[in-house]
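Using the sequences and the hints given, assemble the complete structure.
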Amino acid sequence: MTGLRLEIKPRSAFRAVLAASLLFVLGANLPGHLSYDTVAQLYEGHFHIRETWGPALYAAILGFFDRFIPGTALYVTVSGLIFFASVASLSDLRPKTSWWAAPVAALVALTPQVVLYQAIVWKDVCFANCAVAGLVCLAHAVRVWPERRRRWLLLIAALLLLAVASQVRQNGIIAAAFAAAALGWIAGAGRWRRGLAWGGGSLIAVAVTGQALTLASIPPHAPPDPGVSTGLGIVQNYDLMGAVTLDRSYKLSIMAAADPADTALIQARAPLVYSGRRVDFIDRDKALTDAEWNVPADATSRQWVDLIVHHPLLYLRVRWEDFRWVFAPPVIDWCLPIYAGVEAPADKMVPLGLTYRYVGSDIEMANYASWFLDTPVYAHGFYVALSVVLAGLFLWRREPADRVLAALQLAGAAFAASFFVISIACDYRYLYFTDLAALVGLVYAAVDPPMPWRRAGTPP
Amino acid sequence: MTVSPKDPVEGTGRSPAARGFRIAMAAGLLLTLAANAPGHLSYDSVVSLTEAREGERQTWAPAISSAILKPFDALVGGTGLYVTASAALLFFCLMSLTRLRPRASWAAVALGVGVILTPQVLIYQGIVWRDVLCANLTVAGFVLLAHAARRWGPRPPILPLAGALLCLALASLARQNGLILVAAGAGVVAWTARGGGWRASFAWGLGGLVAAVVLAAGVDRLATPPPPEGQVLPGDAGLQILQHYDIVGAVAHHPKLKLTEIGRADPAAEAYLEAHAAQVYSPVRIDTLDSDPALGRALWRTPAKAMGAQWRAIILRHPAAYLLQRADVFRWTLLTPKLELCLPVAVGVSGSPDMLKDLDIQAGARPQDQGLAEYASHFYRTPVYSHLTWVVVALGMIGLLLRRRDPADCAVIGLLVGALAFTASFAIISVACDYRYLYLMDLAGMAGLLYVALDPPRWRGR
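Protein chains in written order, with the working numbering: chain A, 68 to 527; chain B, 288 to 749.
Simulated from the structure, these hints should not be mistaken for laboratory data. Hints may be right or wrong, so weigh each one.
No farther apart than 25 Å at their CA atoms in a straight line, the calculated lysine to aspartate or glutamate pairs in the DMTMM-like style are these [claimed, not checked]:
#, chain 1, residue 1, chain 2, residue 2
1, B, K543, B, E561
2, B, K545, B, D615
3, B, K357, B, D645
4, B, K644, A, D104
5, B, K543, B, E516
6, B, K625, B, D574
7, B, K644, A, E410
8, B, K357, A, E431
In structure tokens:
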């Protein structure tokens, strides 16, 4: 006499899995994991000061959430919500949702990149979430293109998210560039001038909005922002030390002309400490560090240009040595693949009311993530390959949203490639966006598989 | 009296206001987690978590709280997942209220935001207390009964009924007087099934009651871990404590009262209790009796049989003294005249240092915890932090819903009546004024208010 009626639709199951996953991430990790970089930026955001050369906008974002609930719990919640809501909305981009979507979403949610990283308070995670959400908003905008009001609201949301993304990572503009290309392609509708206007205009809008946000987030009386000059100086010194290490016959002649003593010291001691793994090892040699910064910056820059222009193969060897460590670390354990807990110097923690934390739950989360080390789940190369395949499938189907999701995949791969030029350490988090873009693409493919043998479609 | 069996819920919950209500509740859940996770633990909570982790009975409090903590703690150490699941249970149930009504009002969205911002929701949902668990399970149980009632037909919906049975059975274990809620739930089922005749109604009601009691007994048996080797925890400790408090309280209210039953077993104890009871007694909480170790010894060294006889003798032969004592204690529990004395909120993690070390959880109060305590204090002098307010709200909502009396309304009436009866039971069993004891009253009042606000009965027929 009783009725057992259970009607579950694939779309509901997909969204339920994602809602449960978000709650699990929050329940397992809140108030979040904080490393030194995080605490330093939270300190800046909390006290409205500028002490590091980390992104001013990221410090301001942390400070904003800290004002409502002290600490990072609200920030982690909102950041996680942005990611999971973006993924959940993928089912709105397709005319139907397959039964593959829910299990694939569950598997993606179980990767350390989601279940742990989503709660680590790192600008790399903020960048990845904003870039993914920005491109997903763009995908929704192109889907509802004829509805002007909705389209513009979604475009503005995409603009803001991509503007934030472009400011919290130095090479974050790559994601915006691919979004702009997709927008230009779709909005141009075959007319290249129109496409160029949409694409170029949107990229400029992202860059300008990003700069405006950064300027607005720099506290008053802050020291002048070094911009990219500090980062560039570090890369130049690192490259030159790599060059003299990999080719002992390479001479730093331009630098020597400006500062013979310090250059001689660099030439002699760099091979002893240089490693493609990370630039930090150079700091172990105080004399070497002093010497590299004693040499006039102008001479170092000219020496670096000389390396690129006159010794391109050596430059590429140096860069390859650095890149292989960040892209496919030979020993992943040396590249900080897992972070849990709270740790920073007391002078930054105490004023924020933070205390050192590495408790049972942190140990368990770190232990869980460690199961995936040395598997494809923890390999950027795997995600780049996945992105390339997915981009091909999406471009084969080529519906408007497919083109934007293809742009996301290509942005992930291009972002990884950009580290060939700028990498100075092998931290796993640097290429987090590459992993996340591929995982989101995988879920999108599972929602409505773009199989070559069946061309499911909605009108563009 | 029953709605169409074909698709009684078609079209519900799709209005913009209904969506707005669900979004507000989802945001409330996330805000609650951000504000509190991994949860606030008092001494009792730490003991429960220790019991869950070690698998050995640590206290005479209901074992269900540690049994429910156990799987969450096993998955990720601590209480973060438990707090998430507990809060999610409440908020998802509140979200589902929109599926019970054919329409929704924007006033409910505004009220929903207001309810989320009360300390009873925003902070209490992050406190690891069995009172919170009991309240959440109770609300969930009755909301599931409302869904079942709305879909009731020739083939009653088994899934919401089974869910309600489980929730109410667990709720009855979480608090000693939780059986009242099971009885109220059985009443709702009987009322819902009355269309099949009084026999069917009686069978559903009694069957539901028996099923819940049997399920609760089975779960309790499975959930109760063995005591540590060589230790025996008294099974009736709760009753003994209540008897001690009532006897001391009766003497305090009626100084000429003679404790003759105790005197027969231990004349010295009788003399000491009669002389000193009034000095240590407080209607605020039983704990003040601990301030006099000699009095404690007099109480605990007197044989339990004599103590029980004395308690019954006071009730039967000196009812005025007993009623004065009970009325005084209940006044403090219900009205909390000095809220600060009644543990209105608990934030951070505190407990035995040894237990905390073994549990490997972070102790102390974080800046965000201190902020929450300060936030709660803004409500201390307002009606929001008063059980009486929620009693009045519940009575008002019952009155409104009785006018309409549709199937889901009856379940919500059941929730409110059950919560009022649960509150009333503290007139007999209360031993302290801790605000959390009547937490169910506040939460049920809020849930009833939101349900009525979604689709006020006066709109019927428009």
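Right, here's what the structure says about each hint:
no.	hint	result
1	B:K543 / B:E561	holds (8 Å)
2	B:K545 / B:D615	holds (20 Å)
3	B:K357 / B:D645	holds (15 Å)
4	B:K644 / A:D104	violated (29 Å)
5	B:K543 / B:E516	violated (45 Å)
6	B:K625 / B:D574	holds (16 Å)
7	B:K644 / A:E410	holds (19 Å)
8	B:K357 / A:E431	holds (15 Å)
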